[in-house]
Each structure stands twice: as structure tokens, then as C-alpha cells.
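K.L.:
Sequence:
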Amino acid sequence: MHKVIIIGAGGHGKVVADAVIQSGAEVVGFLDDDLGCEGRLLLGRPWLGTLENIAAYAAQGCRFIIAIGHNKTRKKIAEAHNVNYYTAVHPRAVIAPEVSLGAGTVVMAGAIVNAGASVGGHCILNTSCVVEHDNRLGDFVHICPKAALAGTVCVGEGVQIGIGSAVSNNLSICGGCLIGAGAVVVRSIDEPGVYAGVPARLLRAL
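Residue numbers (this note's numbering): 19 to 224.
Among the clues, some could well be false.
Below 25 Å or equal to it, Euclidean Cα-Cα: the simulated SDA-like pairs (lysine to any residue) are [what the hints assert, rightly or not]:
1) Lys21 - Gln78
2) Lys164 - Val212
3) Lys94 - Gly139
4) Lys90 - Leu224
Rather than coming from a laboratory, the hints here were simulated on the basis of the structure.
Please take these sequences and the hints and turn them into a complete structure.
P.N.:
Here it is in C-alpha cells:
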């Protein structure tokens with residue numbers, strides 16, 4: 019059984035920890051730089067200290083998963099700590115046999131990932147999202163709850179697809195974009211920025 023430490027002791031950390039436990043691994047505890055976590059228990063597991071302790075736990079054979087929703091923060095932590103990352107798939111997710119999932123990615127309950135899809139490292143496929151056939155997701159992507167990507171969509175690094183949003187088939191979204199809640203993307207996006215509405219339009223360049 020893999021021993022896994024959750025990096026991030028917030029609400030998202032609790033949900034990720036549940037997915038890890040449901041996947042059959044052991045959650046040892048949580049690391050978080052917030053000293054206010056001392057003495058707290060999440061799902062009965064303790065705060066184990068700050069991120070300075072990652073190397074010590076790695077030396078004990080632990081694996082890690084970064085349970086922080088902010089894509090740039092996950093990337094910063096992953097690039098700073100070259101350790102073994104755990105990929106968690108909740109047993110109530112539906113993953114086609116041919117799907118590729120990168121290290122450190124978490125797939126929540128109710129998520130569907132269909133045939134031919136490829137998902138990068140440290141991604142979040144959140145509750146009840148749909149990633150259709152032949153999608154290509156870069157690293158550090160977050161597909162929020164109930165968002166849906168139609169077939170053959172390409173999503174660049176660090177993109178967040180907001181809750182309840184939809185992306186039509188055969189489109190691409192460049193890295194660094196934020197797609198707002200409930201947006202409907204009907205054209206490819208090649209300029210990093212914040213997009214919202216039906217159809218989705220650029221609100222602010224990034």
C-alpha cells in the first residue's frame with residue numbers, strides 16, 4: 019500500500035485526501051506552511067509540519083499529491099520538489115483503459131475520462147467533470163466540477179475550466195487561460211486571458 023502525504027490542508031486537501039483513501043492508498047497526513055494547522059485533524063489525519071519536511075518524508079518512501087486548487091501554486095511546488103507524486107483516481111470515476119494520466123493528477127468522484135484522452139501531470143479533474151475522447155490536457159490544468167470538454171479538445175498548461183462550463187469539440191485553448199463558470203467555448207482560444215459568457219469572450223488579457 020502506498021503511503022501518501024497531502025500537500026495542502028485546506029478544503030480541497032480534504033477532498034483529495036478522500037480520493038486517495040478511496041483509491042486504496044494510506045494518507046499519512048498533511049503538509050502546509052500555515053502554522054495555524056498545528057493540532058488540526060483532517061479526516062482523522064494530522065498536520066505533519068511545513069513543506070520543509072517534504073524531503074524527510076520522501077526519504078521514508080512516501081509519495082505526495084499537491085492538493086492546492088491554484089494552478090500556478092501547484093506548479094511552483096512541483097518544480098521545487100523532485101519527489102515521487104501519487105496519481106489518485108476515485109473508484110467512482112470512469113476512466114477508459116487507454117487513458118494516460120500524469121503523475122500527481124487527481125480524478126474526483128463522478129468524473130468521466132473517455133478513450134484516447136491524455137492528461138498531464140498535477141491536473142485536477144474535479145467532481146463530475148467530463149473529458150471526452152482524444153482530449154489532450156497539459157500539465158497543471160484544473161477542470162472544475164461539472165465542466166465538460168467535447169471530443170478532441172486540446173487544453174494548454176495551467177488552464178482552468180470553470181464550474182459548469184462547456185468546450186465544443188475540435189477546439190484548442192492556449193496555456194494560462196481562465197474560463198469562467200458557465201461559459202461556453204465555441205471557438206479556439208489563442209490569447210491567454212479570462213474568458214466568460216455564452217459564447218465565451220475575452221474579458222481581460224493575462
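K.L.:
Which of the listed hints are broken here?
P.N.:
none
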